[in-house]
Amino acid sequence: MAKNSSKKAIVVGASSGIGRALAQVLAQNGYAVGLAARRFELLRQLQNELSSPTYAQRIDISQPDEAMVLLGELISKMGGMDLIVINSGINTRNFTLDWPGEIDTIKVNVSGFVAMANVALKHFLKQNSGHLVGVSSIAGLRGSAHCPSYNASKAFVSNYLEGLRHRLRKHNIYVTDIRPGLVDTAMIKDNKLRFWVSRPEGAAEQIFQAIKKKKKLAYITRRWHFIAWLLKLLPDWIYRLRDKLEIED
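Here the sequence shown stands for residues 16 to 264, numbered as in this note's numbering.
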């Protein structure tokens, strides 16, 4: 049982993968945890596993106007919020550039992300404190032929978080950009580089450490910091080989 629940965190995208594992880590470290996701039945299952106070709210961030209202209700239900982790995202392979795949990715990864961040930051500004954590991806560093909208959406998230960090520099509000590499979730089920894949539980522990240290940026797991450096330096003709290997987050 957690010693206290004075700290309050919300994880958007808590039904599976990194979000689920991170909710467990937060609960183990004394947080009351708000669980938000589209698949409400999975949130109920997670609630039964956590020892700290939990609050579950079905939120579909592909519907941003409705999602903003529901997030506000969850914050009120919890009696406030000190930390939010926006982890929801989709990765649609779309080599043929079909419009439904492109717009669905943008709705969730861009519009949905900004909607959640907006509600959270308005709350943090009122109390002049808080911590916004956004989960982007190492994929945001370069484009992808297989899923161009996904990589572009993650680049948007990182750029947006940087802008918010500068905007909030005079306030007691922290902004952290989490950039995972390959984590064993449904998003990478077809990826061939299995030896680079980390477990969600290990990734969540490293994310929690980055939260505690209030880092501006963290690659998860840490070895992906080197890969990120390499990706930035690779000339285009070499990088194009990446699409043949299907290195996709």
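Possibly wrong hints are sitting among the right ones.
What the hints assert, rightly or not - Restricting the straight-line Cα-Cα distance to at most 27 Å, the calculated cross-link-like pairs of lysine-lysine (BS3-like) are:
hint, residue 1, residue 2
1, K227, K122
2, K228, K22
3, K122, K185
4, K185, K228
5, K22, K231
6, K22, K229
7, K141, K23
8, K141, K22
9, K231, K23
10, K137, K227
11, K141, K229
12, K185, K23
13, K141, K228
14, K137, K229
15, K22, K185
16, K228, K122
17, K92, K227
18, K122, K137
19, K230, K23
20, K92, K137
21, K227, K23
22, K22, K122
23, K23, K228
Derived by calculation from the structure, the hints in this document are not laboratory data. All of these numbers come straight from a predicted model, not from anything done at the bench.
Against the structure, the hints:
Between K227 and K122 the alpha-carbon distance is near 30 Å, which puts this suggested pair outside the 27 Å criterion. Under the criterion of a C-alpha separation no larger than 27 Å, the hint pairing K228 with K22 is consistent with the structure, at around 16 Å. Straight-line distance between C-alpha atoms of K122 and K185 comes to about 31 Å, which puts the hinted pair past the 27 Å bound. Note on K185 and K228: the hinted pairing holds, with a Cα-Cα distance of about 19 Å set against a maximum of 27 Å.
Proposed proximity of K22 and K231 is supported: the alpha carbons are some 21 Å apart, at most 27 Å. With a C-alpha separation of about 15 Å, the suggested pairing of K22 with K229 holds against the 27 Å cut-off. Distance hint between K141 and K23 is fulfilled; the C-alpha atoms sit about 16 Å from each other, no more than 27 Å. Proximity of K141 to K22 is assessed by CA-CA distance (about 17 Å); at most 27 Å being required, the pair is judged to hold.
The hinted pair formed by K231 and K23 meets the criterion: a straight-line CA distance of about 20 Å does not exceed 27 Å. For the given pair, K137 sits about 22 Å from K227 by alpha-carbon distance, which is consistent with the 27 Å threshold. Proximity of K141 to K229 is assessed by CA-CA distance (about 20 Å); at most 27 Å being required, the pair is judged to hold. In summary, the hint linking K185 to K23 is supported, as the alpha carbons are separated by about 23 Å, within the 27 Å threshold.
Restraint check for K141 and K228: the C-alpha separation of about 23 Å stays at or below 27 Å, so the hint holds. The suggested pairing of K137 with K229 holds, with an alpha-carbon distance near 20 Å, which does not exceed 27 Å. Among the hinted pairs, K22 with K185 is consistent with the structure: their alpha-carbon atoms are about 23 Å apart, no more than 27 Å. For the suggested pair K228 and K122, the alpha carbons sit about 31 Å apart, so the restraint of at most 27 Å is broken.
Between K92 and K227 the alpha-carbon distance is near 25 Å, which keeps this suggested pair within the 27 Å criterion. Pair hint K122 plus K137 holds up; C-alpha atoms about 21 Å apart against a cutoff of 27 Å. For the given pair, K230 sits about 19 Å from K23 by alpha-carbon distance, which is consistent with the 27 Å threshold. Restraint check for K92 and K137: the C-alpha separation of about 17 Å stays at or below 27 Å, so the hint holds.
In summary, the hint linking K227 to K23 is supported, as the alpha carbons are separated by about 14 Å, within the 27 Å threshold. With a CA separation close to 31 Å, the supplied pair K22 and K122 exceeds the 27 Å bound. Taken as a hint, the K23 and K228 pair is honoured in the structure, with Cα atoms around 17 Å apart against an allowance of 27 Å.
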